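So the protein lines, in turn, are chains A and B. The numbering of the first sequence is my numbering, which starts it at 1 and goes up by one. The numbering of the second sequence is my numbering, which starts it at 328 and goes up by one.
Think of the hints as simulated: they come from the structure by calculation, not from any bench. The structure displayed is predicted, hence computed values, not measured ones. Don't take every hint at face value.
Residues of chain A placed beyond 12 Å of chain B at every Cβ, according to the derived structure [unchecked claim]:
#, residue
1, 41
2, 192
3, 232
4, 263
5, 315
Okay, derived cross-link-like pairs now, EDC-like style, lysine to aspartate or glutamate, Cα gap no bigger than 20 Å in a straight line [unchecked claim]:
#, chain 1, residue 1, chain 2, residue 2
6, A, 269, A, 290
7, A, 49, A, 136
8, B, 634, B, 578
9, A, 209, A, 229
10, B, 573, A, 281
11, B, 642, A, 229
12, B, 634, A, 113
13, B, 616, A, 281
14, A, 273, A, 290
15, B, 616, A, 199
Some, not all, of what chain A presents toward chain B, calculated at C-beta under 10 Å [unchecked claim]:
#, residue
16, 32
17, 36
18, 44
19, 61
20, 205
21, 206
22, 281
23, 314
Ideal Cβ positions, reconstructed from N, Cα and C, are used throughout, including at glycine.
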Amino acid sequence: MDTLYIEREVQTHPRTVRICERFSNARHIVIDRHTDVFNARAQNFRQQKANPSLILAHKAGQRVHATPPGYHIGGEHNYYFSHMLNCVYDCRYCFLQGMYQSANYVVFVNSEDFLSDITHIAQQHDSQSWFFSGYDCDSLALDPVTHFVNDCLNHFDNLDNAWLELRTKSTQIRPLLKRPAVPNVVVAYSLSPEAIVADEEHGTPSLAKRLDALLRLQKHGWKIGLRFDPLLCADNFNTLYGDMFTQVFQTLDMPSIHSVSLGVFRLPKGFHKKLVKLYPDARILTAPIEQRAGMMSYPIETENRMREFCLTQLKTTIRDDQFFPCS
Amino acid sequence: MKPYASVLDWPILFLKRRTHLTVLANHRFTLEQDKLRSAPRTCARFRYTTRMTTLCIMTALAAESRVFIDAYKLRHLPIRGLRLYGSEYCLLLQTGVGKLKAAAATAALLQVRPDISCIVNAGIAGGTDQIGSVYLAHRVQDRATGMSWYPHLPLQRQVPDLATIEVQTMDKPCSTYHQGILFDMESSGIFSAASVYLSTDAMQCVKVISDNSDQSMSAVNSANCTQLMNHTVPVITQLQQWHAAKQTDNEFLAGIDTAVNALVTRVHHTTNDTLQLRRLLQQLTSVTKTVPSTVDLIELSSAKLIKQQLQEALKNAPLTYGQND
């Protein structure tokens with residue numbers, strides 16, 4: 001990190017102090033509100049992605065949100081939260097590029113407020129509640145800086161009626177391997193075929209490295225989830241995804257997988273438009289795409305064909321109770 | 328006096344599409360703003376044909392401009408109402424004193440020169456540090472309205488030993504100095520106008536301290552102002568290099584632009600047709616890794632037929648991963 005923007009309000013927060021010490025050679029710029037920098041108009045996302053700054057901020061207002069309908073893995077009450085905005089990776093299909101003006105990372109240092117909100121919401125329900133992390137960021141990728149995961153795991157270790165999903169592509173699993181597995185936490189990995197990882201998921205660990213991390217977590221006793229999302233259209237789709245499933249099935253102990261989900265590439269229309277502007281040369285945006293209910297997605301026949309193929313493959317090794325069609 | 332280019336002259340100008348506008352202005356034409364404004368299609372073509380990296384330095388005073396005119400060997404460019412100097416890849420606009428004049432001049436220039444891809448406001452400012460200290464602004468604030476702009480800063484190694492600071496733009500000269508803040512009278516006007524055209528990574532502000540609590544503003548004269556501005560020249564050069572290095576997508580877009588221009592000059596395209604043509608060419612180029620040849624397409628009689636042919640080509644182009652690499 002070359003430049004740190006620090007909200008005046010959190011200037012003396014212990015996490016801010018620790019992060020500032022870690023990046024002592026960076027420029028430290030004090031700001032009033034993170035939105036002044038992050039939401040400013042006329043920012044060049046693509047240029048910023050090459051040289052992002054870190055913004056340390058306080059998250060006020062609502063910190064934990066209900067998930068969109070259909071976003072669940074079997075739980076009745078589903079919520080998501082983002083202790084960070086933006087992702088260190090540069091996946092060409094990512095909706096964050098369309099959603100945010102800026103490619104800078106925002107880290108909310110008041111994680112204690114997130115955790116107390118989670119407790120409060122969990123206590124409102126008699127049945128189990130699910131909390132998803134990694135919706136607006138990667139849960140683990142920047143953890144060496146934020147140290148959020150350890151605090152979060154300690155908290156969920158003491159919460160009886162709440163589950164946590166840590167969604168990631170990162171192989172930064174040291175904090176998870178250093179401690180015993182927490183029974184109500186699922187570590188879920190987004191997986192794509194190796195060739196797609198290389199072409200479209202810039203800066204992410206390879207499929208082999210992700211599978212290696214999954215295997216180590218599985219052996220350590222963590223519940224793990226597999227997220228085949230987004231499925232991307234290609235002329236050699238069956239070969240790509242068929243090979244990937246074989247690799248996954250051969251590496252992991254499939255019967256003990258907590259949950260598997262898959263979803264086809266889709267983006268809100270406005271986000272898609274912005275993506276075309278940002279990356280006119282992106283191959284992912286050359287596939288036939290159409291608008292349905294405000295979302296840009298592949299033609300329905302293409303979607304069905306892709307989904308059917310994956311389902312057939314998955315059904316050979318996983319049980320029905322492990323599978324959730326769209327996350 | 329060189330002749331003005333008429334809007335009817337655009338095909339001649341178009342033939343020089345790979346040439347910078349400044350070169351056009353210097354060699355044959357002077358572009359008349361009113362005629363360009365009243366001919367949006369011509370303007371649009373210029374935009375397509377001048378996708379080059381041009382940095383424009385914005386100063387307020389003649390004494391601030393002098394060092395850049397000498398260092399970059401700039402020549403006066405006659406554009407009505409603007410004091411503009413230029414060379415092939417660098418321009419200098421002398422806006423006059425005050426944020427209103429600065430905003431008006433900036434907006435007028437960026438309107439007629441869409442090839443400008445980056446601006447740097449360079450000038451003197453009041454502060455608490457030593458006279459002659461040079462700073463890059465990390466925040467530009469209009470003191471009167473409270474509005475702020477945060478330029479996306481280059482990496483520290485790209486501008487070594489250059490500290491950053493907040494710059495506040497005042498309506499009147501100010502003699503009260505505050506630690507960590509520089510005072511000037513133009514930067515917020517320039518940023519306000521430029522943010523309509525440029526992104527935050529393409530707007531920077533470099534200031535050199537000319538007055539502080541030990542040496543008041545009254546001691547600043549033309550000669551020592553020019554001397555102080557000498558300190559900013561290396562910084563401007565570094566910013567120019569940084570900006571040129573980040574123009575990575577030019578090749579892809581320039582290839583597409585050339586193909587689009589070749590087609591729309593020969594076959595009538597509406598604005599919507601042109602947009603669709605551009606997108607289809609982009610998609611096809613992404614898949615095939617080469618810009619499609621326009622030789623056969625030019626022979627087609629309508630935009631619709633060209634579009635159909637490109638759609639067919641895109642449909643047949645293989646979208647595969649892991650096989651072409």
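Going through the hints against the structure:
no. : hint          : in the structure
1   : 41            : violated (7 Å)
2   : 192           : violated (9 Å)
3   : 232           : violated (8 Å)
4   : 263           : holds (18 Å)
5   : 315           : holds (24 Å)
6   : A:269 - A:290 : holds (9 Å)
7   : A:49 - A:136  : holds (15 Å)
8   : B:634 - B:578 : violated (23 Å)
9   : A:209 - A:229 : holds (18 Å)
10  : B:573 - A:281 : holds (16 Å)
11  : B:642 - A:229 : violated (25 Å)
12  : B:634 - A:113 : violated (55 Å)
13  : B:616 - A:281 : holds (9 Å)
14  : A:273 - A:290 : holds (12 Å)
15  : B:616 - A:199 : holds (14 Å)
16  : 32            : holds (9 Å)
17  : 36            : holds (6 Å)
18  : 44            : holds (4 Å)
19  : 61            : violated (22 Å)
20  : 205           : violated (17 Å)
21  : 206           : violated (12 Å)
22  : 281           : holds (5 Å)
23  : 314           : violated (20 Å)
Of the numbered hints given earlier, the model fails hints 1, 2, 3, 8, 11, 12, 19, 20, 21 and 23; all others are met.
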